[in-house]
Amino acid sequence: MTSVSSCSSNTSCTCGGLSLSDVSVHYGNFAAIREVSLTIPDCQITALVGPSGCGKSSLLHAMNRLTDLIPGCRVEGSVRDGVGRELTDPSLDVMSLRRRIGMVFQKPNPFPHSIRRNFEIPLREHGVSRSDLPDLMEKSLRDVGLWEEVSSRLDESAMKLSGGQQQRLCIARALALDPEVILFDEPCSALDPLASAVVEEHIAALRGRVTVVIVTHNLAQARRLADHVGVFWMRAGAGTIVEEGPAEVVFASPSDADARYYLSGVRG
Amino acid sequence: MKSPVSRRNHRRFSDLACGIVGAVAASLTLVVLGCIVWDLLRLGLPHLSWLFLTGEVADGGRSGGIGPVLVSTVMIVVIALAVAIPPGVGCALWLSEFVRPGTVPARAITGGVDLLASVPSIVFGLFGMAFFAQVLGLGFSILSGGLTLACMILPLLVRTTLTALQSLPVDLRPSAAALGLTQTTTIRKILLPAALPGILVGVTIGVARSLSETAALIFTSGYATRWPDSPGDSGRALSVHIYDLAMNIPNGAAAASASALVLLLMILVINSFASFLAERWLRRYHS
Ligand SMILES: Nc1ncnc2c1ncn2[C@@H]1O[C@H](COP(=O)(O)OP(=O)(O)OP(=O)(O)O)[C@@H](O)[C@H]1O
Ligand SMILES: [Mg+2]
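Residue numbers (this note's numbering), protein chains in the order written: chain R, 1 to 268; chain U, 1 to 287.
Everything labelled a hint here was simulated from the structure, so no lab data went into it. Computed from a predicted model, the values in this text were never measured in an experiment.
Okay, the calculated beta carbon distance ranges per label pair: (1) Phe98(U) with Ser131(R): 28 to 38 Å; (2) Ser131(R) with Ser49(U): 52 to 62 Å; (3) Ser131(R) with Leu268(U): 45 to 55 Å.
The C-beta atom is built at its ideal place from N, Cα and C for all residues, glycine as well.
Between the sequences and the hints, there should be enough to build the whole structure, so can you do that?
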């Protein structure tokens, strides 16, 4: 496993970004996204925004190969990790790829087992020894500010936690695998504003440690979080990224007309 | 022409009549239950004793007890469960996790399961006699009876397990995959444990159905009232014993009622255990 401590500052970060070129995702004959190119910088937070149905989730799923699970789904183009390995390669070990590129979903989805078991199952699967489990679990739960709240009830069902706590548990569970990248698909949209703020705060705290890609419909959240932004729009019946760049630039002066409309329309 | 007032009265009267008919119908079911229990208690309770539960069958069942019958019954049910649970759960897993619903193999299997569920138990009995007892040469034996019952409860187990698996949150699968878990781990460590209470409900219903089964057992596990030494022996199930006492043994009514009381009690205990499990399960996932 790569050490997380080497990623403690923005400058010396080695967690690894992603670079996508000409990625298309098809569901059967339907093209959900066409020829998306995107650079996801190392250890920064990249926000993907855009209207519903433009294929933001599809793009995230292409990055950790969850698209493999959907019958009839085809991914073309190239997704390369920080060291230039091709992630769409069919011979790649998908299970260890998903350990390196974690994902947090819109709806909190802890396993219906105890909090402890939620860590034990994935960690044991990836060869972490039993004796290392408690420390890793505590560290990950502290990273999302959940340790104080749950340390006395680790053996109770994770389903008893509140929605916001469940979502932070899912983030901790992903973090425990020491991933290089975490993909967040609208992680706050099922939460109330207060819980959402707490989750957002802990995502922001990942900057410099993990490469974060976050899909959000909340433009204010994108502004607060993002170092880098990609704006999705429909082109010729399929979603694509029409604007990409550093957050300051994209938010201040988008060059694409649709991106300008989208970013300003919600602003006004 | 009726006046509005009389029409309203008429409506009020018909509502009242409906209510009364409903109440009578509802209390009728209670009366039926009461009659059955009362009759069993009246005839059977005096006959019931520790000796009756443990003693050997004597005089065609009129005296002595039902010890060997209880042992045979338990053996038959245990065999049925042991044989039916693995393929039942396996079939449900395959349907819910490995084939796409709506495809030809999925439709064929679910159709087959539902058809099997609607086969009357006497047909299972005839099949068991022809296949297990004669073709496989197991004869009238506890094993033949258990295997026949296994066929009978198989569709039930498939259905309940399938329902349990399908009522788990759908996003468990992608969230497990996103953590790099293989499908085997996901099934073994996440889906099956989460569906276990639902599966247990199916198993308990299967036990209750096996206990109350007569038709499938008469031709397969047979009538013998000796203490069974092995599953190869013929052994009489409790429901068959009751049937025999009531139909073939003069003055067997008291022993039949006492045996029926025991059967009723066993089923009551098992059913309340099932609903207890089901309720706990619902509370755990759907609250
Ligand atoms: N499993 C699937 N099978 C078929 N079509 C799909 C599937 N998943 C998504 N699509 C289609 O692909 C397109 C993009 O969907 P996707 O969920 O990626 O969009 P999105 O940008 O994430 O939308 P939202 O903001 O609503 O989450 C949509 O037209 C959708 O209907
Ligand atoms: Mg989406």
